[in-house]
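Let the hints inform the model, and build the full structure from the sequences given.
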Amino acid sequence: MRALFLPRRSPMPGFGLSMGVTVTMLSLVVLLPVGALLWKGASFGATNLWEVVNRPRVWQALLLSFRLSALAALFNLAFGILLAWVLVRYRFAGRRLLDAAVDLPFALPTAVAGIALTALYAPNGLFGALAAEIGWRIAYSQWGIFLALVFVGLPFVVRSVQPVLEDMDREVEEASATLGASRWRTITRVVLPVIMPAALTGFALSLARAVGEYGSVIFIAGNIPMKTEIAPLLIVIQLEEFNYDGATAIGIAMLVLSFTLLLVINLVQIWSRRRIGYV
Amino acid sequence: MSTAIQIVDPLSGRPPRSAPLPPTASGLRPLALTTLMASAIALGAATDLRAETLLNVSYDPTREFYRDYDAAFAAWWEAEGHEAPTLETSHGGSGAQARAVIDGLDAQVVTLALASDIDQIATAGKLPADWQSALPHNAAPYTSTIVFLVREGNPEGIEDWDDIVGDGVEVITPNPKTSGGARWNYLAAWAWAEKDDRDPEGFVRELYRHVPVLDSGARGATTTFAQRGIGDVLLAWENEAYLALEQMGEDQFDIVVPSVSMRAEPPVALLEANIADDEERALATAYLEHLYSPEAQALAFKHFYRGWDSSAADPEDVARLPDLDLVGIEEMGGWAEVQPRHFGQGGIFDQIYVGQ
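Top line first, the protein sequences correspond to chains A and B. Residue numbers for the first sequence follow my numbering, so the first one is 58 and each next one is one higher. Residue numbers for the second sequence follow my numbering, so the first one is 1202 and each next one is one higher.
Please note: incorrect hints may appear among the correct ones.
Straight line, CA to CA, 20 Å or less: simulated SDA-like cross-link-like pairs of lysine to any residue [stated by the list, open to error]:
| id | chain 1 | residue 1 | chain 2 | residue 2 |
| --- | --- | --- | --- | --- |
| 1 | A | Lys284 | A | Ala127 |
| 2 | A | Lys284 | B | Tyr1554 |
| 3 | A | Lys284 | B | His1411 |
| 4 | A | Lys284 | B | Asp1551 |
Honestly, the hints are just simulated from the structure, not real lab data.
Here it is, written out as structure tokens:
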């Protein structure tokens, strides 16, 4: 153990203890459940797993979940950077309040959020009625799912970009302006590269959160197979049938897809960090 | 001595708040349940240490009925010369409740929506396979049926099953994969089509083409129809339909009784494996048997269930449940045959959406 983690004795004391606590906690909370899932999958067999996953309805649900999650995370990326910018760079009445409101999606039970969004965007709701007039159905369509996913993922980008923006020296922007760069050029060549790694972290978190989201989505989705049925709902349906193997198979499929996506995002992050040389 | 009754809701029937991974790690689920149970037991223990406790694991729409029944039974049990019992009832989706019991929820009796859910518990060894013969009427002390709830004045003119697949009519019914009640809805449509000499599979397929939202449970579907204003007709438990009328005003909805429907028999059973001692057995047995007493049957009628014995019931309560042609599940081959054929993996319901 020691040889593995500690080739040389670190000048910082307490490594053994803190590492032990960390690994134990991580095992209990993360590694064991994921391990149990994989173990269950292994005992079910790879061919059986593939058979469960390789059905049009499952593919459709996985595609829907990942596509809408990616779109919601992209939306949150753009909107989150803007929101962080507003919160850091401007001083206005109610700024603290707005700042605190960003965290609400974390605090609110997602079921409450789902029901509230449905009530607002259903055809007889406040905004839903307006949309219905132009023939646009929000709740009980993919728009509703998108809306719920944007809601649950919103804080991630804001909260990861905000500290970076706060730490950023204004002199850098001023230097860019003095050297004759336009405002747009300063933003795209100076500001954005600095906040990009943090923004990508927020994007990845937002995406991961959206992929696994269940509570708020089922209220607003409509849950029609092949149309508005998300992958986590399929898992719950398998469980309702006492089909633990089927649930495991879809769970593992989601795990593999999420892991691949996060890996890709991490690589992009490393690349963008190398490109700008610091942060 | 006061009677202690608690309605706890350890598994509210709501699906987990967020489930990135299914809780398939069977070793971990009992852990969470144990914590829930410990808190439930701690609550019970605080009120009365010596009294016998009983946990009844039930499904969603029985909330109001068992609240009344628990009070009535506790009073009766005490009058019989016993210690006042601590009665707890937990409500949730029937399937989720069955899984909780299988995973170790320490309930003494189950009162669920479907015999097939209790069969699953029997498969796990918690009670004998012939549990349905332990009590009269296939262990179903009350029955219910499926009716239509339509908007006030019945604007679409819905009278029977063929009307709900009319042009532009939207039907609200939950997903039969996740809701016990929705299976009865589906089967009622099937039974009508069979009696009407139509192709039942074609009719059911047509019916689900008119469904814009598939909620996961019966209560959710009622909310979608009543609060969100979606759909023209809600397929609902008879007792849920009357409850919706009672709570949301009779001027908003009408109940339409179709010519044919299902006789839904929500069964009850004693969980042999969870009975600790003779006293507990006596209490649990009495709790279930007393459901058949005229007094309890009257309560069932009061809560819009169709009881077997109307001798003590208010005649008005009985009269408001009209007669109709009711088909029993045994006429369709029983749950053991119906469940895999219609609702199993790749069954007829799955094919409606995939096999087009």
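- Query: Looking back at the numbered hints, which does the structure fail to meet, lowest number first?
  - Reply: none
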